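Listed below are the residues making up each chain.
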Amino acid sequence: MTEAMTHNIENRDEFNVEINGTVGKPLIDDPKFTTRNVDVHYGDKQAIFGVDLDVGKNEVLAMIGPSGCGKSTYLRCLNRMNDTIPICKVTGDFKLDGEDIYAKNQDPVLLRSRVGIVFQKPNPFPKSIYDNVAYGARLHGLTSNRAELDDLVEKSLIRAGLFKEVKDDLHKPGTGLSGGQQQRLCIARTIAVDPEVILMDEPTSALDPIATALIEELMIELSGKYTIAIVTHSMQQAARVSSRTAYFHMGKLVEVNDTDSVFTNPEHQLTENYITGRFG
Amino acid sequence: MELGQHISQRYNAELEDIRNKVMTMGGLVEKQTSEAIKALLDRDGELANEVASSDDVINQMEVDIDEECTRVIALRQPTAGDLRLVIAVVKVITDLERIGDEAAKIAHYAKKLAKKETVTGMHAELSHLSQLIMSMLQDSLDAFARLDSEQAIKILSQDIKLHKEFNVISRLSITHMMEDQRNIKQALQVNWCARSLERIGAHSQNLCEYVIYLVNGKDIRHTNLEHVRRKYFPEV
Amino acid sequence: MSTHNTDKIKAKLKKRYAKERRFRAYGIASLAISFLFLLTLMVNIFSTGLPAFQQSYIKLDIHIDAEVLGVTKASDREALFSANYSKLVKGTLKEMFPDAKTRKEKRARNKLVSNSASYDLRDHVIENPELIGTTQSFWFLAKDDVDVYMKGKIDRNLPEDDRRIKDFQLTWIDQLQEEGRLEKRFNTTFFTSGDSREPEQAGIKGALIGSLLTMLVTMALSFPIGVLAAVYLEEFAPQNNRWVDIIEININNLAAVPSIVFGLLGLAVFIALFGVPRSAPLVGGLVLTLMTLPTIIIASRAAIKSVPPSIREAALGLGASKVQTTFGHVVPLAMPGILTGSIIGMAQALGETAPLLMIGMVAFVADVPQGILDPATVMPVQIYLWSDSPERAFTERTSAAIMVLLAFLVVMNFIAVMLRKKFERKW
Chain V
1 MTEAMTHNIE NRDEFNVEIN GTVGKPLIDD PKFTTRNVDV HYGDKQAIFG VDLDVGKNEV
61 LAMIGPSGCG KSTYLRCLNR MNDTIPICKV TGDFKLDGED IYAKNQDPVL LRSRVGIVFQ
121 KPNPFPKSIY DNVAYGARLH GLTSNRAELD DLVEKSLIRA GLFKEVKDDL HKPGTGLSGG
181 QQQRLCIART IAVDPEVILM DEPTSALDPI ATALIEELMI ELSGKYTIAI VTHSMQQAAR
241 VSSRTAYFHM GKLVEVNDTD SVFTNPEHQL TENYITGRFG
Chain G
1 MELGQHISQR YNAELEDIRN KVMTMGGLVE KQTSEAIKAL LDRDGELANE VASSDDVINQ
61 MEVDIDEECT RVIALRQPTA GDLRLVIAVV KVITDLERIG DEAAKIAHYA KKLAKKETVT
121 GMHAELSHLS QLIMSMLQDS LDAFARLDSE QAIKILSQDI KLHKEFNVIS RLSITHMMED
181 QRNIKQALQV NWCARSLERI GAHSQNLCEY VIYLVNGKDI RHTNLEHVRR KYFPEV
Chain Z
1 MSTHNTDKIK AKLKKRYAKE RRFRAYGIAS LAISFLFLLT LMVNIFSTGL PAFQQSYIKL
61 DIHIDAEVLG VTKASDREAL FSANYSKLVK GTLKEMFPDA KTRKEKRARN KLVSNSASYD
121 LRDHVIENPE LIGTTQSFWF LAKDDVDVYM KGKIDRNLPE DDRRIKDFQL TWIDQLQEEG
181 RLEKRFNTTF FTSGDSREPE QAGIKGALIG SLLTMLVTMA LSFPIGVLAA VYLEEFAPQN
241 NRWVDIIEIN INNLAAVPSI VFGLLGLAVF IALFGVPRSA PLVGGLVLTL MTLPTIIIAS
301 RAAIKSVPPS IREAALGLGA SKVQTTFGHV VPLAMPGILT GSIIGMAQAL GETAPLLMIG
361 MVAFVADVPQ GILDPATVMP VQIYLWSDSP ERAFTERTSA AIMVLLAFLV VMNFIAVMLR
421 KKFERKW
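Chains as they are written, first to last, in UniProt numbering: chain V, 1 to 280; chain G, 1 to 236; chain Z, 1 to 427.
Hint data in this document are derived by calculation from the structure and do not stem from the laboratory.
Watch out, some of these pointers could steer you wrong.
[As the list claims (entries may be wrong)] Simulated restraints, written as ranges between beta carbons of each label pair:
no., chain 1, residue 1, chain 2, residue 2, range
1, Z, PRO224, V, PRO126, 40 to 50 Å
2, V, ASP151, G, ILE7, 29 to 39 Å
3, G, ASP17, Z, ALA18, 52 to 62 Å
4, V, HIS171, Z, ARG185, 53 to 63 Å
Here the structure is a predicted model, which is why all the values come from computation and not from measurement.
A virtual CB, placed ideally from N, CA and C, is assigned to each residue, including glycine.
Could you build the full structure based on these sequences and the hints that come with them?
As structure tokens, then:
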């Protein structure tokens, strides 16, 4: 056994993580997002080291990795949420449909209407369910009259699988819903703006398994229409919902591959250690 | 492939336990097979009797290991290497159990053949085939124990040799049957023994396929062996 | 092992509970002490202050003699205004108490009613000139000495030399009481007139309006400035910027500056440099704004800081701009805290005297201010002025004014609580 072991580790050590050493398939043919040479610094500390990664059209890309590996930071670069953190410095090429999203003339507000985000903790506004969903549409002036807005709110809630549960309580506070419902409300609020990409930052980590299952189901449904990038701590979740999985480790992108191959036969020893629950 | 190093110590122990049990079962099957062959070649009716009636232990072990694998899948949701280990084990024990069955069959015929005065002239060939089968079985189990996929692919390439040996016995038995119709029963029994031996060889080769799946994550069943060998094991 | 530990824990447990009980006792004790202080203060203020809400009135039947006044029913306002009404009042008193012989006694007789009696009479006659020539009953304000006696503050059993009310005055008062011409009524004057040298005529209205106007100026300036400053510092200002740090430190320091310094600043800047009228609520409001701003800024910043960042992220993530996020979500959610802080700041300003002394709001102002540019005084200054006055009757008025000030504060706090509730109900 030991002989075989050493043999395998030797095999795997040929992948060098130090220099953009991502194994697998980080780049794909028909990307929605392309990111190259992404470095992120928090003050003096570098959080992400030279990540090259594509997100495909209408795919669900899952990002996994231990805490502090940079997966959330990377996700938040994609709609420039990191701009709100003053000490955070992002460098690299980010292109959405070939368009540089960090260009001088690119408006982060416009970008965020194209790239929506759902956060870890359900964070509905302290307003009614209706107003929560209508918020983005009102903000961007997407509808011209009340009837259209009503329609949009209803459609978004239906698509988020929440309408049946709340249709009689649209004017009750969104904060009065259960955790899972709140998170679906946040998803409804995000898709009401009709973004092209939805980023999800550990969307189910605060939810019970049933609420989690509902949201996972929703993600799979949404992936037909939207490009979804999700950061998750639950490997089972990544395995269930995503078509590709990216493994981050200490700010580096270690491996990207089709989800089933990552979970049955990861190429990199670090990935294997992480997903099988071994000491890194 | 390493089993230890999990954050959960109990998980380590569970996987180690499964693997150890498989090795024990493999040892038992190996012993069973070698004794069946010994009974056949030495015309030892007593030993044959013993072997034919003792595959209960192996059957029970299959059930136990199966159960344990189910539990690990349900409780630990193994991934990657761990998942492949559990899946491979589930398959390995099925094949081991079949080998046990074939050994029992051989013992059964050995019992009958032992009552006869002579085994008509095929002793040498049977002995030859048996040696090949035993080495294949031992080597496969060894490859599994050491997770040695190179050895596994070597065993897989013994395919042709196995078929040749089996065909020799087949042709000989047909010749015997044609020479004297009274030989038919005995020749058939010999042929069946050869058939069982061949099956054991085939199951051993299955074990090797699982070893390759387990170590390299490649399912090479129903593929071109030469192609696989060239692609993944160029140095073998 | 476990039993071993249990014993150890048990042994310690008793001590721990004893400590807890002791701590609770300390708490209750300190609460009780503070409550006792408050109670003493309240009892003291209320017992001295409550009589001020009553005032003695004397009824005189006055014959409005056209000859004495030198006017007729047809006389114009001017003539009616300048006629000698005090002669009528004095005449009536002389008829009622003819026994006064010495100058001293005569003067005391005229001082049974307040000198406002003649003004009241004048106003009444101007309103109703047809009354000239008839005899009418009037209730006039009693002089403060009579009032003080009526409220039982003067013991008639003391030797005559030791009291302000002499024996002959006592006989008059007894006579008035017997005839039902002297009685205590609710003191409307206290709430309807401004300050006066005569205690029976002095009222709180001028100071109340002055305080109100000053507070309005303070609120109109300090609330928006304070909240906007807090919002800028909290949401927009660059972090780790040296200038922002300096500003922050200075705001915190300003909160600790003695308030009289703000008064000096107001005197030097607002009055001397900008020529804002002295003693006016405007300049008072400006000075109090300076004083209140640090409190409001600090409280507002704390309130804004306590708004969960997830709300900001949610709004930003949907494509709201920074300003939309701040004023659409952060400020409304921080509003209860901001309001509380602001009201506390305002309450502080309401009770402030020292800085106002420097800008002339300590002057004697008898008129009720009509606008923010009129000379005015404020309630705490009024209290200070009255407490400094020698007349006995001012003592109770001081306490009464304190009660009114307290009521003002309670109303303000009540409004704060209401506003807080209202904003909080919007989740």
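Which earlier hints turn out false for this structure, listed by number in ascending order?
-> 1 and 2
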